[in-house]
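> Sequence:
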Amino acid sequence: MRRGGSVENDDVLCTTMIGEIIAIGDELTSGRITNTTSAFAARELFRAGHEIYAMHTIGDTPKLIGEALKRAIRRVDFVIVTGGLGPTTDDLTNEAVAEALQRPATLNEAILEKIRSQLQDPDGQLDALEKLAWLPEGAEVLSAEERMAGHLLVHDDIPIFFLPGVPVQAQKLLVDIVLPRLSGWSSCSKYQRMRLYKTVGLPEYKINQLLIPLEQEKQVDVGYYPVDFEVHVSLSVSGSSAEEADTLLNDAEQRIQETLGDHIYGTDRETLAEVVGNLLREKRLMLSTAESCTGGLISSQLTSVPGSSQWFAGGVVAYSNHLKEVLLNVDRDLLRNYGAVSGHVARAMAARLAARVGTKISLSVTGIAGPGGGTEEKPVGTVYIGLFYKNKVKDTLHHFSGGRKEIQEMTAQTALDMVRRVLLADEV
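The opening position of the sequence shown corresponds to residue 2 in my numbering, with each subsequent residue numbered one higher.
Take the hints with a grain of salt, since some may be wrong.
[Stated by the list, open to error] Below 30 Å or equal to it, Euclidean Cα-Cα: the simulated DSSO-like pairs (lysine-lysine) are: (1) LYS284 / LYS395; (2) LYS393 / LYS284; (3) LYS173 / LYS132.
[As the list claims (entries may be wrong)] If you anchor each label on the Cβ, the simulated ranges turn out as follows: (4) ASP91 / VAL358: 47 to 57 Å; (5) ARG48 / GLY262: 18 to 28 Å; (6) THR304 / ARG48: 18 to 28 Å; (7) THR89 / GLU141: 18 to 28 Å; (8) ARG333 / ARG48: 46 to 56 Å.
Simulated from the structure, these hints should not be mistaken for lab results.
Please read all numbers here as calculations on a predicted model, not as lab measurements.
Quick reminder that beta carbons are idealized off the backbone N, C-alpha and C, glycines included.
All chains should be built: construct the whole structure from the sequences, respecting the hints.
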């Protein structure tokens, strides 16, 4: 290891692997497609204990590809390259690598034979697909079983992993092959432990102030990452033995949990919807939702969790006053006297839906997501959230800011967090 940052624990000197991510494709630099693969790779590499020095997005230009790659291998311990490995004329990554690193393209007979065996019309497609079998000299195919491009090239002792540009393919190879290969690459004697805490309800600066004392501890690193309307707190510790690392992690975790309390809703890969679902399952409850301004967003988040049918009965999107009356049994007088965006209607939506479908807990939202529809009394961003539980119903008023999408997403998050907190406290 030559480029990593040194960390000294007693008599143990250790080096952390530092990497660089290069995403290639004109579709990325033109904005036609969002580069989600680099973000996924950085996140997974960070969770595996690696650091990312830089992330680049460049077009299908051989000279730029070569320059970016040569810069990277001079300053980091490994490189991840995505895109440009396909059979079309604009897929130029392998050609650029062959020229830049002076590794002539070499025909991989195994790949060629595999292509032939999978073609129903070899004569009509082989010429075009044969390009996939020409790799830079010394390249090693990442997976002979998968029907996707991807190879490893070790140059100047630096592993360079080439992954396809298709996100689902790149993600699979990264998780299944690249991360395990990297874990065995380093002879580092440092033991690392990591945890990611997901929080709601506190701004980043406040969390930072609360955790400053923990930041001062040796062998402990704390990072803060705003993600949409949440703040994620990363905790990493390093020890000279597994036992020391475990002890450091347990102590630091306890301090974070005591400091942030129920603002922490989950860790690592957990989502807020998943956490709410687990609480509902534990209490053997079925949740129903009545949505107006969020248009089904809450139901969508809940049903994205596998097994949600065990604790989510379903939802009603009652956008118009007429459907609020017909589907939710909201009294017309409530709508006329207080308006659809009111605490009275939010409470009625939650309670009447629970009664109609027979759930013991029900959630409702009604508000003004904008950009129009607001008044001086009820401006855009005014949202009421109703919750029925234990035969009691309550509502809370919120004033959110941002565009329509932001208001809807903030409403959904706040509503789900309201359910979480009520279930934790087991009260309304």
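> Which hints from the list above does the structure break, by number from lowest to highest?
none
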